[in-house]
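Student: Given chain B, put chains W and D in place with the hints provided.
Sequence order for the protein chains is B, W and D. Heads up: the first sequence at position 44 corresponds to 44 in the numbering used here, and the numbers run straight through without jumps. Heads up: the second sequence at position 257 corresponds to 1257 in the numbering used here, and the numbers run straight through without jumps. Heads up: the third sequence at position 180 corresponds to 2180 in the numbering used here, and the numbers run straight through without jumps.
Just so you know, these hints were derived from the structure itself, not from any lab. Computed from a predicted model, the values in this text were never measured in an experiment. Do not take every clue at face value.
What the hints assert, rightly or not - Residues from chain D that face chain W, not an exhaustive set, calculated with beta carbons under 7 Å:
hint, residue
1, Leu2105
2, Val2108
3, Gln2123
4, Thr2220
5, Phe2281
Note that beta-carbon positions come from the ideal geometry of N, C-alpha and C, so glycine has one too.
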Amino acid sequence: MSGPQAGTPILETRALTRTFGGLVAVDRLDLTVYPGEIVGLLGPNGSGKTTALNLISGLLRPDSGAIRFNGHDIAGAPAYRIARLGIARTFQLVRVLDGMSCADNVRAGLAFHRHPLPQAQIEERVQALLRRVGLEAQAHRSVPQMTYIDRKRLELARALALAPKLLLLDEWLAGLNPSELQTGIALIRSLKAEGLPILLVEHVMDAIRSLCDRCVVMNGGRKIAEGSVNAVLADPAVVEAYLGAPADA
Amino acid sequence: MTNAILTGLMLGGMYALVAMGLTLQYGVARIMNLSYGEFLVAAAFASHWLFTAWAISPFVGLAFVIPISFGVSYAVYRILLTPLVRRAPNRDALEVDSILATFGLMFVVQGILLTMFGGAYYSYSFLAIPVTVLGETLALNRMVALALAVIAGSALYLALTRTRIGTAIRAVAVDPSSARLVAIDVTQTSALAFALGGAMVAAAGVLVSMFLTFSATTGVVFTMKALIVVVMGGIGNLLGCLIAGLALGLSEALVATFVDPGLTLAVNYALFLGVLLIKPAGLFGRAQR
Amino acid sequence: MIGAPAAFVLAVAVVAALAAVPFLADAYYLALAISLLQFTVLSTAWGLFSGPTRYISLATAAFFGVGAYTVAVLGEVLPWPLVLAIAAAIGVLTAVVVGFSTLRLSGVYFVIFTFGLAELIRQLVVWYEVNKSRVLGRYVFADITQTDIYWQLLALAVVTFLVGWAIARSRLGFALRIIGEDETVARHCGINTTLAKVVLFTVSATIMTVAGAIMAPRWTYIEPSIAFNAMISFQVVIMALLGGAHRLWGPVLGAVPMTLLFEFLSARFPSTFTIIMGVVFLLIVYALPRGVVGLLARLPRRPRETSEALR
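The following block holds chain B by itself, in its conformation from the complex:
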C-alpha cells in the first residue's frame, strides 16, 4: 500500500470529544496536520490542548470522535500501539528516566519497534540521536543532574528514536532562557527540514511565529480559530480568549 499523498493529512481528528465528570475538556475538535508542516495548537490555560495531545497519543481514550493517522484509525487505541504506528511525543513536565543512563533513555525509544534493529545498529543510532539533539558531550552525565534544557533534549532524543512520522510537542520550549530558546527553535526547524510533521502546543510567541505554518486556537475545549499565525493572532475571538473582553464593551 503506498503512503499518503501530499494533500492527504497525516493526522486528522473529527469531532474528538473527551469529558471529565462534568467538564468537557475537548469538545468536538476537528484538527488536521499535513505532511511536512508544523501546526501550532494554541489557547489559554485549561483550553484542552494537552488533553487533545493525550487523546492523540493514546494516554487518554476519547468519549467520541475519530482520529485517523497515516491510514489507521487510532481513536481509543492503546498508547503502545500508537507509538509503534509512528506518533512520538514529549510531555509538559519533562519525563525522562532518572534511574537510567542517557544512552538507556534513548535506547528505550529504539528497543521496542515492531522490527527492532540489530544491536550494533542500535548503538550507532543512540550516538547519532544524542548528536542530533546536541547532547553528545553530556552522554555520560547522570540524568538527574542534567540541566532543564538538556533533560528536554534527552526526552526529544527518545521521541526521535521511535522514528516517528508525527511528533507531538507539549510546550517543549517553555521555561528556556533566550539563548536556549533560539537553540531550541533551530533544532525544531531542522526537524521540519527533514520532513517530520509536528503538532506543537506552545505559549511562547517567538516560537509560534518562527516555527508554525498554521495555527489552531482552542478555548474551553473548542476550536475557535484556525489559519496562518498572523491571521489567528489578530482574530478578536482569540484576543478575547487570552485577554478577556475589552473593558468598555
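Tutor: Positioned in the frame of chain B, the structure of chains W and D alone reads:
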C-alpha cells in the same frame, strides 16, 4: 425467587453496613485495613460471650461494644498508624504501607482470637423467630439487624452531611491538602474517621453474630467482601456502598439459590472484577487519577 | 564487584556444596535446609515480579496451594515428572487469567485481589471436591524421599536465579526497568506494559506453583485449608522486603534469617506463633526508614508530587 430476592436484599443490607466502616477508613484516612474483618469477628465473639455468659442481649451489648471498639480503633490509628502517615511521602505510599501494616495486625488479632477461642465455630441463637413477609418466611433477627443497619447508615449519612465534623470528614476524603488550607486538622479528622469506622464494624459484628456462625479465621472473608463493596461502590461514597452492598447480596442470594451456594465468593470476585474493568473508579467513584 | 567468570565459578561451587548437604546432614538439618530452600525459591520468585513492577502480590499461597493440591490429586495416578509439568501448566493458566484480569487495575486493587485469591481458589477447590469428586482431603502417596525433595528444590532454586538473570539481561528486563521508572513513558516507547507484567507475573507464579508441587509429599494428608494457607503469602512478603526486592539476590538475604527465626519461634511458642509473626512483621514495616515502598527500589513518581524537572 421471591425468597432469593428478599434474602439477597437483607444480605445486601448487612454487607452495606459492614462495608460502611471501611469506606470511612479507606476513603478518609486512606488506610487499606486488611485486619477489618478481624475486628468484626472480635465484636462477634464479644457479643457471644456477653450473651452466653451474662445473658446480655446483643442490642444491649451494642452499648458496650461500640464505644470500646471506637476507643481501640482510635488507639490503633494514633499509636500504630500515625507513624506511617507521618513518613509517607504521598497517599499511594501510605496505602501500600498501611496494607502491609494491617496485614501484620490481622495476624496479631487473629492470633489473639485463636489463642482465646481456638479454631472452633461459634454461634448462638437470638431472636430466631420466623416471620412471614410477602408469603416468605424470614428470620426476625435478620430483619431487625437490617433495620438497625438502615438506621445506622442513615445516622451516619446525616452526621456526615449535617454536622461540621461530618463536613470536615468529607473534605478530607476529597482532598486532604485543600482541607488543611481551610484549617481542618487532617490527622485528627482521619483518626476520628478511622475510629468511627471501627465502631461501625463492631456494631456490624454484634448484629451478624445473632444469625451467622463465625470462628477466629472467618475474618478474612468479611474483609474481602467489605473491600469488594467499598471498591465497587466508589471509595468514600456511602450511597455507592449501599448500592454495591445490595448488588453483592442479591447476586450472592441468586447464585446460591439457582446455581450453587458454594460459589458465593467466586461470584463476589466476578462481580468485583467486572465492575472495575468497566468502571475503574467504581460504580459511583470519582476518578482519582 | 567480581568478574563474571569468577562469579560463575563461585556459583557452581555453592550449588555443588549445597547438593552435598543430604550426605552430611541428619534428618533435622535436612528438613531445615528444605525449609530454607523453599523460602529462598518463593521469596526470590516473589521478588522477580514485585521488585520491578512494585505491585505487592499476596497471591503466593494461591499458587503454592495449586501446585501442592495438584500433586494431592494426581500424585498416585501419573508419573512424577508429568505431575510436576501439569502443576506448572495449571500455574501458568491461573497466572495468565489472574494477570490479564487484574494487572490493568491500579496497584491497590491488585493487592486486594491477590489477598483474596487463595481464599477464592480454596473455595472453588472445596466446591469441586464436595460436589464432583466427593472427597475432601486427600492422602499424598508419592514415592519421594526428603532427599529427593531437597534436590528438586535446589534445582528449582538454580532455575529461578537463572531465569531472573536471563530476564534482567533481556529486552523484557529492559522494558520492566523502564516500566518501573515511568510506566507512561514505557507505553509511549511502544512497550505493551500489560503484556510485560503478565509475562513476568506468570513466570513468578509458575515457579511458586512448582515449589508447592515439590513440597507436597512432605505432608501425608492435604486438605484445601492446609494447601492454601495465607500464612505463606505473608512470610514470603516479609522476607523479600527485608532482604530487598529490587535485586535478584535480595530476597534470599531476608529468607535465610527469617526462616531460621520462624523455625525457632514455631518450636518455642507453637500456640502464639501467629501473634508473634504479626508483631515481627509490624516491627519490620516500622523499622524501614522509607517505608515498605522505599524497599522496592524507588518511590513511585507522580509528576504532580515530584518536581525534579524544576529543581
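Student: Quick one, is the Gln2123 of chain D hint okay against chain W at 7 Å, beta carbons?
Tutor: Check passed: Cβ of Gln2123 of chain D comes within 5 Å of chain W, closer than 7 Å.
Student: Hint validation: Thr2220 of chain D versus chain W, beta carbon distance must be below 7 Å. Holds or violated?
Tutor: This hint is violated: Thr2220 of chain D lies away from chain W, its Cβ roughly 21 Å from the closest one there, beyond 7 Å.
Student: Would you check whether Val2108 of chain D satisfies its interface hint, that is, whether its CB is within less than 7 Å of any CB in chain W?
Tutor: 5 Å, holds
Student: Any CB of chain W closer than 7 Å to the CB of Leu2105 of chain D?
Tutor: 6 Å, holds
Student: Report holds or violated for the interface hint on Phe2281 of chain D, using the least CB-CB distance to chain W and a cut-off of 7 Å.
Tutor: 4 Å, holds
Hint compliance for this structure: hint 4 is the single one not met.
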